[in-house]
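A.B. asks: Each chain sits in its own coordinate frame; assemble them with the hints.
Those sequence lines, one after another, are chains A and B.
The opening position of the first sequence corresponds to residue 83 in the numbering used here, with each subsequent residue numbered one higher.
The opening position of the second sequence corresponds to residue 170 in the numbering used here, with each subsequent residue numbered one higher.
Watch out, some of these pointers could steer you wrong.
Below, a list of computed lysine-lysine pairs in the DSSO-like style, where the Cα atoms sit at most 27 Å apart [what the hints assert, rightly or not]:
#1 A:Lys139 - A:Lys153
#2 A:Lys185 - B:Lys239
#3 B:Lys242 - A:Lys185
#4 A:Lys96 - A:Lys139
#5 B:Lys224 - B:Lys242
#6 B:Lys239 - B:Lys224
#7 B:Lys247 - B:Lys224
#8 B:Lys224 - A:Lys185
#9 B:Lys247 - A:Lys185
#10 A:Lys185 - A:Lys139
#11 A:Lys153 - A:Lys185
#12 A:Lys93 - A:Lys139
Hints were generated in silico from the structure; no laboratory data involved.
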Amino acid sequence: DTGVSQDPRHKITKRGQNVTFRCDPISEHNRLYWYRQTLGQGPEFLTYFQNEAQLEKSRLLSDRFSAERPKGSFSTLEIQRTEQGDSAMYLCASSLTGTANEKLFFGSGTQLSVL
Amino acid sequence: AQTVTQSQPEMSVQEAETVTLSCTYDTSESDYYLFWYKQPPSRQMILVIRQEAYKQQNATENRFSVNFQKAAKSFSLKISDSQLGDAAMYFCAYRSFDFGNEKLTFGTGTRLTIIP
Chain A
83 DTGVSQDPRH KITKRGQNVT FRCDPISEHN RLYWYRQTLG QGPEFLTYFQ
133 NEAQLEKSRL LSDRFSAERP KGSFSTLEIQ RTEQGDSAMY LCASSLTGTA
183 NEKLFFGSGT QLSVL
Chain B
170 AQTVTQSQPE MSVQEAETVT LSCTYDTSES DYYLFWYKQP PSRQMILVIR
220 QEAYKQQNAT ENRFSVNFQK AAKSFSLKIS DSQLGDAAMY FCAYRSFDFG
270 NEKLTFGTGT RLTIIP
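With the rest of the complex left out, here is chain B (with noise of 0.2 Å):
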């Protein structure tokens, strides 16, 4: 079974810096999807960005990048120019590439904050 573990339970930033968030799992697929999700105080979960495992490049979307490394297992989620809305729980998630085994695994969630 896959694991995903997040040993930050709470991070805070001051508002403009960056900050990164880490991320371990444990799996003994080849093929699988890594992601990050955000949940603000609406609950509402909201994905932030996504790796596919056979991809060399590490995924960017705007001020979210990711360190992906595969052979470490290890999956961090860096955040630049840190924003009073970025303020939020963030989870990693991990789901195999298999059809029919779709679900995601998540980890315990590190809680961000952001300094004015």
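Next up, chain A with everything else stripped away, as it sits in the complex (with noise of 0.2 Å):
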């Protein structure tokens, strides 16, 4: 058990920019989720995925986000022509469902900054 590993840690960009972030979730977890962290606040619940199909979305997520499960191992966000008010930390975690105390693991999230 490696837990959720996101990258990059960090990604500095210009305004206009596409990025994309990559989370690989603990190996037999079927459920992953992506969380956005502003300064000063809590995580909020962006999409979830179980196996490669997503499930939901928040109405956060924009036009200009998109998230992918291909395979339901790894998961893709990207944000296409980024603004400053997308910088913040995006978090991944992962579960297995239908255990009797499912727990979420969550990584060290990726800190974007828009310029």
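C.D. replies: Structure (structure tokens):
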């Protein structure tokens, strides 16, 4: 169990550029979640997958955001035409459903700064 | 929609003392889960303790315990014998019991400082 890993740890980009983040969940976990955390706030839900199916998307996920989990393993979150308001930490989490005490494991996040 | 409120942006406690962090929530559901997560400077959210709303008994995990008052919609975290490693942001979170609605709703957090 190597935990949830996210890449990159930091990303600095210019406004208008596209960025893509990657999340590798714990290998046997079928659920994968994306959250966004801005300074001084708690994480806010963006979207989640069960295996490769995207089951829910938040209103926060504008048309510029897209998430995929092509083979039910790793996931990518892409932001097109970044804006300064997109600056935040993007957290990924995974879990295994059906267990008696389902637990969510978080990665260390990708910190995005849009200049 | 559910909301979670943490009214203490910052708290401090002397090492080895006890501190209580407050959390209130609003929901119309009768079954749900409540959590406390810790976020140290490494940024990784770590589950501290979990409470099922249908359970009368307050959850405990070693030095961590909760005071769950369902009628008052209150869920406080007590940390006993505080240690330097407890310094972190603490987030209270709510999750619906309904299948297909498993997202967490977080509060704004409480920054806990441990004074040596």
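A.B. asks: With reference to the structure, classify each hint as holding or not holding.
C.D. replies: Status of each hint after checking the structure:
no.: 1; hint: A:Lys139 - A:Lys153; verdict: 19 Å, holds
no.: 2; hint: A:Lys185 - B:Lys239; verdict: 22 Å, holds
no.: 3; hint: B:Lys242 - A:Lys185; verdict: 23 Å, holds
no.: 4; hint: A:Lys96 - A:Lys139; verdict: 26 Å, holds
no.: 5; hint: B:Lys224 - B:Lys242; verdict: 14 Å, holds
no.: 6; hint: B:Lys239 - B:Lys224; verdict: 10 Å, holds
no.: 7; hint: B:Lys247 - B:Lys224; verdict: 18 Å, holds
no.: 8; hint: B:Lys224 - A:Lys185; verdict: 18 Å, holds
no.: 9; hint: B:Lys247 - A:Lys185; verdict: 21 Å, holds
no.: 10; hint: A:Lys185 - A:Lys139; verdict: 21 Å, holds
no.: 11; hint: A:Lys153 - A:Lys185; verdict: 22 Å, holds
no.: 12; hint: A:Lys93 - A:Lys139; verdict: 23 Å, holds
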